[in-house]
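Protein chains: 4
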Amino acid sequence: MQHQRIIAVCGAGQCNAQIAALAEELGRRIVEAGATLVCGGLGGVMEAACRGAVAAGGLTIGILPGADRAAANPYVAIPIPTGMGQARNVLIVQTADVVIAVGGEYGTLSEIALARKAGRCVIGLDTWELGNDASGQPRVIPAATPAEAVALALRERS
Amino acid sequence: MQHQRIIAVCGAGQCNAQIAALAEELGRRIVEAGATLVCGGLGGVMEAACRGAVAAGGLTIGILPGADRAAANPYVAIPIPTGMGQARNVLIVQTADVVIAVGGEYGTLSEIALARKAGRCVIGLDTWELGNDASGQPRVIPAATPAEAVALALRERS
Amino acid sequence: MQHQRIIAVCGAGQCNAQIAALAEELGRRIVEAGATLVCGGLGGVMEAACRGAVAAGGLTIGILPGADRAAANPYVAIPIPTGMGQARNVLIVQTADVVIAVGGEYGTLSEIALARKAGRCVIGLDTWELGNDASGQPRVIPAATPAEAVALALRERS
Amino acid sequence: MQHQRIIAVCGAGQCNAQIAALAEELGRRIVEAGATLVCGGLGGVMEAACRGAVAAGGLTIGILPGADRAAANPYVAIPIPTGMGQARNVLIVQTADVVIAVGGEYGTLSEIALARKAGRCVIGLDTWELGNDASGQPRVIPAATPAEAVALALRERS
Numbered sequence: 001m002q003h004q005r006i007i008a009v010c011g012a013g014q015c016n017a018q019i020a021a022l023a024e025e026l027g028r029r030i031v032e033a034g035a036t037l038v039c040g041g042l043g044g045v046m047e048a049a050c051r052g053a054v055a056a057g058g059l060t061i062g063i064l065p066g067a068d069r070a071a072a073n074p075y076v077a078i079p080i081p082t083g084m085g086q087a088r089n090v091l092i093v094q095t096a097d098v099v100i101a102v103g104g105e106y107g108t109l110s111e112i113a114l115a116r117k118a119g120r121c122v123i124g125l126d127t128w129e130l131g132n133d134a135s136g137q138p139r140v141i142p143a144a145t146p147a148e149a150v151a152l153a154l155r156e157r158s
Numbered sequence: 001m002q003h004q005r006i007i008a009v010c011g012a013g014q015c016n017a018q019i020a021a022l023a024e025e026l027g028r029r030i031v032e033a034g035a036t037l038v039c040g041g042l043g044g045v046m047e048a049a050c051r052g053a054v055a056a057g058g059l060t061i062g063i064l065p066g067a068d069r070a071a072a073n074p075y076v077a078i079p080i081p082t083g084m085g086q087a088r089n090v091l092i093v094q095t096a097d098v099v100i101a102v103g104g105e106y107g108t109l110s111e112i113a114l115a116r117k118a119g120r121c122v123i124g125l126d127t128w129e130l131g132n133d134a135s136g137q138p139r140v141i142p143a144a145t146p147a148e149a150v151a152l153a154l155r156e157r158s
Numbered sequence: 001m002q003h004q005r006i007i008a009v010c011g012a013g014q015c016n017a018q019i020a021a022l023a024e025e026l027g028r029r030i031v032e033a034g035a036t037l038v039c040g041g042l043g044g045v046m047e048a049a050c051r052g053a054v055a056a057g058g059l060t061i062g063i064l065p066g067a068d069r070a071a072a073n074p075y076v077a078i079p080i081p082t083g084m085g086q087a088r089n090v091l092i093v094q095t096a097d098v099v100i101a102v103g104g105e106y107g108t109l110s111e112i113a114l115a116r117k118a119g120r121c122v123i124g125l126d127t128w129e130l131g132n133d134a135s136g137q138p139r140v141i142p143a144a145t146p147a148e149a150v151a152l153a154l155r156e157r158s
Numbered sequence: 001m002q003h004q005r006i007i008a009v010c011g012a013g014q015c016n017a018q019i020a021a022l023a024e025e026l027g028r029r030i031v032e033a034g035a036t037l038v039c040g041g042l043g044g045v046m047e048a049a050c051r052g053a054v055a056a057g058g059l060t061i062g063i064l065p066g067a068d069r070a071a072a073n074p075y076v077a078i079p080i081p082t083g084m085g086q087a088r089n090v091l092i093v094q095t096a097d098v099v100i101a102v103g104g105e106y107g108t109l110s111e112i113a114l115a116r117k118a119g120r121c122v123i124g125l126d127t128w129e130l131g132n133d134a135s136g137q138p139r140v141i142p143a144a145t146p147a148e149a150v151a152l153a154l155r156e157r158s
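Residue numbers (the numbering used here), protein chains in the order written: chain A, 1 to 158; chain B, 1 to 158; chain C, 1 to 158; chain D, 1 to 158.
None of these hints come from the bench; they were simulated from the model. All of these numbers come straight from a predicted model, not from anything done at the bench. Don't take each hint at face value.
[Claimed, not checked] Derived contacts from chain A toward chain D, CB cut-off under 7 Å, selection only: (1) GLY34; (2) GLN86; (3) TYR106; (4) GLY107; (5) LEU114; (6) LYS117; (7) THR145; (8) LEU152; (9) LEU154; (10) ARG155.
Backbone N, C-alpha and C fix where the C-beta goes; we use that ideal spot for every residue, glycine too.
So here's chain A without its partners, still in its complex pose (with noise of 0.2 Å):
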């Protein structure tokens, strides 16, 4: 059995109707491409990649800071109530093939780099921007939109 495909969706847990937008159209379209998607299971941008991927018929993992699963949000089917806190930031990022960051706060920038730390590629929807690396590649690769991000993030392997 091959494991299924996983894109992690990375942002804040609370979020302006734009970026919420951006998640839901993502978790939408990477469950149209065949993969699962995982994320933090709480709100804001998690929620609504969540409920993208709910509608399309996709499966849903949402790794939780807290041990009480009741704090995930209503459209994680698959939630994993770890207990611990911003530890749980490396698990997303080890748990997907690759991952997007939809705006995001220091949470968000600490997933990025934990990502990057972890070999994984990370594609960037009206994030931060952290320049390019050594080699000249940009660590965070710029999608203008969720359709771009989500073809960009196929063309990844972790």
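Since chain A is already given, all that's left is putting chains B, C and D on it; use the hints.
Chains B, C and D alone, transformed into the frame defined by chain A:
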């Protein structure tokens, strides 16, 4: 959306044929009962349980000690490569509504203890016996067969 | 520079006066033996052991389940606020050369199991009895007094 | 008893001589200021900072990614072998009152982000520049020298 009911099967990464047969039947019966299987994702009891679950058409989550998903047994649909070593035992039991322990060594004992600490019921098949708690209830509820173990697990709520 | 010898004292966050007296004497004797004390940093057995260690002029490390160091008992010199809940039990036993368990409930049982899994020797004072392992050795080495527990601990190397 | 003031030094496991000199001076000045050093316990910036701290007679805590304390650099007095990989970065920053970042790659970036997420102030020496936050304050407070970095760190409370 209601979270899927999740049952953990805990046991050693190496086991004899008799224990493997118990674990495989457990995996199958868990899926037939409409639940999702979570386990540590490696070999032995974990692999046998996943094999049974997949044969019955179910979903399998493997919460791995290492950071490399390639260590997952071939029947894990969703590998969570934690890179956290035995600390991942906490995640396995917290992810589950109820835990079934089969045979096992110190790793399994830690999962039983962590599950009980987290308020999860533990059903035991040929595993550690820990006597009764202060209220006179068995710390590990004994089951004689996989069928009985799953029936007992379905009675419990986390 | 040689790392300081580190001994863990594991036990419940609440305990009666008799168990607290054992733990306090353990803390004192650990320091008198030239070692550093590590524990879970909370109350009960942990606080009593730290109090004994500080009274003897020793160093105390408290690896806390929560993210707030204010939860440490007042005798912890170095609080490590993990925010990882019971997963911090893994850190306590791995930090120690040897583990002394005193009384205790499920959390202590998990520490005994995780310590043994990590190859650490466990000395027990009025705690879980787990019989002998396959080689006929006791899984938890019984001690009758704090003095004997520390003497046994000093014989072991992690 | 008051907890000792703890300052983290974060940076890469390999570094050039110039960065190492900055880190060693940081370690020395942290101890001269009466504080304890926490770091990731490995080589490069971490080892240089520990060397400086030990030379000044101070205490050094190394929170290691692996489970084997033998990986600690020789200047770590108290190794905490977490076995949790990069998740240990969360512990480093939470253990500290304030974080000083020196040079560094993605691991250091994750520590900066996790520190800020945890409400810790970050002082930067020749490290990632992340602009200003919404209130117009620098996300990483720049310092020109180790002396300035430690002076800034002493002004902050976690």
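We went through each hint and held it up to the structure:
no. : hint   : result
1   : GLY34  : 29 Å, violated
2   : GLN86  : 5 Å, holds
3   : TYR106 : 4 Å, holds
4   : GLY107 : 5 Å, holds
5   : LEU114 : 5 Å, holds
6   : LYS117 : 4 Å, holds
7   : THR145 : 25 Å, violated
8   : LEU152 : 19 Å, violated
9   : LEU154 : 23 Å, violated
10  : ARG155 : 21 Å, violated
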